[in-house]
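Got chain A; can you put chains B, C and D on it based on the hints?
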Amino acid sequence: MKKILGIALGIVTSIGGFLDVGSIATSAQAGAAFGYSLLWAVLLGTICVIFLVEMSGRFSIVSGHTIVDAIRKRFGFAGFIVPFAASLLVNLLVLASELGGICVALQLLTGIRFQVWAIPVALAVWLLLWLGTFDVVEDGTALFGLVTLCFLVAVFTLGPEPRELAAGFVPRLPGEEHAHYLFLAVSIIGATIAPYLFLFYSSGAIEDKWDKSYITPNRYIATLGMSFGAIISMAVIVVAALALKPEGIRVEEYEQAALMLVPAFGRWGFYLFVASLAIACFGAALELSLASAYSVSQAFGWNWGEDLEPRSAARFSSAYTIFIALAALIVLSGLNPMKLTLFSMAITAVILPLTALPFLVLMNDARYMGEHVNSHFSNIVVLLIVLLAAILAVVAIPLEIIGSK
Amino acid sequence: MKNIDLVRDVLDTQVLDREQRPLGKVDGIALELREGSPPRVAYLEVDGVTAWRRLGERYARWAAKLARHWQREGHPFRFTWRQVRDFGIDIEIDVDAERAAPFDLEHWLREKLIRRIPGGR
Amino acid sequence: MSRVIALERFIGHIVRDAEGRKLGHLHEVRVRREGDDLVVREYVVGSAGLLERFSLAQFAREVVFIFGIDRMHGYVVPWDSLEFPEEGELRCTRRAADLQRFSAERPAGK
Amino acid sequence: MRLLGAQPMKARIAFALACSFAGAVMRTLLALVLVALAGCGDQHEQEMKSAASWSSTALAVARYWLQGDLPDTYAKRVLQKASEELAKGPLPDASEPVNQMIEAIGKRDQQAMRRLIAELQAQ
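Residue numbers (this note's numbering), protein chains in the order written: chain A, 1 to 405; chain B, 1001 to 1121; chain C, 2001 to 2110; chain D, 3001 to 3123.
With the rest of the complex left out, here is chain A:
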């Protein structure tokens, strides 16, 4: 019974963690510009992230170690430090995007410029980590994250044509704007396979003290949780395709995205969008800050844990404190939050092999995994998707930069 509750909670958690600024921004743009035709990118990313999240849970359960910890041991300090630094940098950009998302939500609501909100928002995120425990962070994010289900409700209210919807899952060349289509496909994949998700999940399995009896629940949590998250992500695409595309509105700014729920919910639509954006970003910002502090601590062998008092894990607490402060500075600098988000997502796709491939090597290491090593099937799926996403991202990013002057 307790386990079923755990599974349910895990699923809900991943919805909260899954939908973040990246998914909202990329999906809204994709739906508004290309209708349903990028749904396949969410599907592709989701398949990969299900495998990765399941693996990271399994890895921690079986080996008792977190991923970062084990990667450093296997690859040595010199081999580890470059991918590690790269992933931290990307985490920082994504965290800045998340904070930016919250600030934009507040700007939409109050009309006060988003930069003004950077410091209060960063403080709020930090304060929750400083005073809260792991359960507060995880479950709180999860429960509030349910607001994002409104996108799913909107899909049913607006009633998309099922056949057209299904066609979106088959990759096809769009009529025009190929470079932008490619860039969005890459960004969607990057937003879906966020490395912090599985780093966080692996640390979570340790913090929650999962034992071997969790191997099967872990599989359900990963699959169902990530799938539900993906469905909401897809719902954003569909709603944008139905509400914005016919009007001829392209999402270049969050202001435009904020209109997408109005046709479905009328005057509540605007507030629901703002709430979804703020809450999803807030949850993701918490998880990102934690995931980054976890990885720094695990990389250098420090004591870590969200349940510890800041005083007894000073290096860990300082890590997220500094991290959030840096991200707040990026928001303060006034970079366009939408552009920042999209580029962070595309860069996530570029560095994906750096985090995912070493992890894949560990998953095949019988010293850690014993009989629970990866199947060929999961190796190949992850390998292919990750490499594909990275190669495409390398092509797509320069094209997008040229295209948007």
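Hints in this document: simulated from the structure, not taken from any laboratory.
None of these values were measured; they are calculated from a predicted model.
Treat the hints loosely; a few may be bogus.
What the hints assert, rightly or not - Restricting the straight-line Cα-Cα distance to at most 30 Å, the calculated cross-link-like pairs of lysine-lysine (DSBU-like) are:
no., chain 1, residue 1, chain 2, residue 2
1, A, Lys339, D, Lys3076
2, D, Lys3076, A, Lys245
3, D, Lys3049, A, Lys339
4, D, Lys3049, D, Lys3088
5, D, Lys3088, A, Lys245
6, D, Lys3081, A, Lys245
7, D, Lys3081, A, Lys339
8, D, Lys3081, D, Lys3049
9, A, Lys212, B, Lys1002
10, D, Lys3081, D, Lys3107
11, D, Lys3076, D, Lys3107
12, A, Lys339, A, Lys245
13, D, Lys3076, D, Lys3088
14, A, Lys245, D, Lys3049
15, D, Lys3049, D, Lys3076
16, D, Lys3107, D, Lys3088
17, B, Lys1065, B, Lys1112
18, D, Lys3088, A, Lys339
Unchecked claim - Just a few of them, taken from the derived set where beta-carbon distance is under 7 Å, the chain A residues facing chain B:
no., residue
19, Arg72
20, Phe77
21, Ala78
22, Gly301
23, Gly305
24, Pro310
25, Arg311
Using N, Cα and C, we set each Cβ at its ideal position, and we do this for glycine too.
Just chains B, C and D now, kept in the frame of chain A:
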């Protein structure tokens, strides 16, 4: 386990103190090259500067300059195989982490940062 | 006379044999527990040693077509045949032909 | 745990599905990369699209505001943004009616708003 692969099994392994508190990683391994008999492991090091030296001397200098702010004494922290209480995926050694040199940064941050923030005590 | 070296700084460095030919990179040091001491038995040199370190031999064989693993090889250098100089490259005092081969297919000494 | 070993039939179906999906993905993306490399970004066309999108945004905001679906602060803010973007782009004339829309919201003048919508649509 009678035979051990030093690079795979020991280098960069998590070191725990006698109460299972994380102390750091095995950042360096010192070999004593002896005349006429096989080299032996003299001691293992847990020290940030040692780790950065593996990337190059320049990084070690930067790390050392930075570390001077919080380091007190006993750097680099070294232990011998004799102090190892348990060796598996982690290495557990017979010391008290709170009093060991690798915790200098922890103490320094508590002192300079955490204590000054409300709720940090 | 004994001398203490920082082993971690030699990992990944090139090893040359007695005739100056490149053997490969130093990837692993095998030690044996003797009382409270760890005593070196042999060094593993060459790319196969790297696979051994990553416990990748199995995995690599499965994706043989990507990495071309059949061309990977290595040598086992006994403890008394590797010199750590103060300056310059690591030297093996034996010739490559006299060393035990190490292949990813059949890990030596197992 | 070995997926292929434990469930041969299911795995084979999954594998076939995966292969066809992967194949479609690969083909499309390859084609995309080629096409994208060939004709990358017409600057003028891009700006036209952006301007058209901002003017559509203004229209939608105005309409939703008339329905009472949008709070004033937000509506004003988007229109402000739209007018700035339009003034920069290839359709600078469209920015004037958008500016007047902001005034109309300030005065809560629904009559004027309807007129401005028609005016903007005419452009």
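Comparing the hints with the structure gives:
Our distance criterion of 30 Å between C-alpha atoms is met by Lys339/A and Lys3076/D, whose separation comes to about 23 Å. The straight-line distance between the Cα atoms of Lys3076/D and Lys245/A is roughly 22 Å, inside the 30 Å bound, and the hint therefore holds. Distance restraint check for Lys3049/D and Lys339/A: the Cα-Cα separation of roughly 17 Å lies within the 30 Å cut-off, and the hinted pair is therefore satisfied. Between the alpha carbons of Lys3049/D and Lys3088/D the distance comes to roughly 13 Å, so the proposed pair stays at or under 30 Å and holds.
Of the supplied pair hints, the one linking Lys3088/D and Lys245/A holds, its CA atoms being roughly 23 Å apart against a limit of 30 Å. Taken as a hint, the Lys3081/D and Lys245/A pair is honoured in the structure, with Cα atoms around 19 Å apart against an allowance of 30 Å. Only pairs whose Cα atoms come within 30 Å are accepted, and Lys3081/D paired with Lys339/A is accepted, the gap being roughly 16 Å. Only pairs whose Cα atoms come within 30 Å are accepted, and Lys3081/D paired with Lys3049/D is accepted, the gap being roughly 16 Å.
Taking the CA atoms of Lys212/A and Lys1002/B, the gap is near 28 Å; set against the 30 Å cutoff, the hint holds. This hinted pair checks out: Lys3081/D and Lys3107/D have alpha carbons roughly 19 Å apart, not beyond 30 Å. A threshold of 30 Å between alpha carbons decides the hint, and for Lys3076/D with Lys3107/D the separation of about 12 Å falls inside it, so the pair holds. Restraint check for Lys339/A and Lys245/A: the C-alpha separation of about 20 Å stays at or below 30 Å, so the hint holds.
A distance of roughly 19 Å separates the Cα atoms of Lys3076/D and Lys3088/D; the hinted pair therefore holds under the 30 Å criterion. The hinted pair formed by Lys245/A and Lys3049/D meets the criterion: a straight-line CA distance of about 13 Å does not exceed 30 Å. Restraint check for Lys3049/D and Lys3076/D: the C-alpha separation of about 22 Å stays at or below 30 Å, so the hint holds. The suggested pairing of Lys3107/D with Lys3088/D holds, with an alpha-carbon distance near 27 Å, which does not exceed 30 Å.
With a CA separation close to 18 Å, the supplied pair Lys1065/B and Lys1112/B stays within the 30 Å bound. Only pairs whose Cα atoms come within 30 Å are accepted, and Lys3088/D paired with Lys339/A is accepted, the gap being roughly 18 Å. For Arg72/A, the suggested interface contact is upheld, since its CB lies about 5 Å from the closest CB of chain B, less than 7 Å. The interface hint given for Phe77/A holds, since its Cβ lies 5 Å from the closest Cβ of chain B, which is under the 7 Å cut-off.
At its closest, the beta carbon of Ala78/A sits 5 Å from a beta carbon of chain B; the interface hint therefore holds under the 7 Å criterion. With a least beta-carbon distance of about 4 Å to chain B, the hint placing Gly301/A at the interface is held under the 7 Å criterion. Checking Gly305/A against chain B by beta carbon gives a least distance of about 10 Å; that is not within 7 Å, so the hint is violated. Because the closest C-beta pair between Pro310/A and chain B is about 5 Å apart, less than 7 Å, the hint holds.
At about 6 Å, the closest approach between the beta carbon of Arg311/A and any beta carbon in chain B falls short of 7 Å, and the interface hint on this residue holds.
The structure fails to meet hint 23 from the earlier list, while all remaining hints are met.
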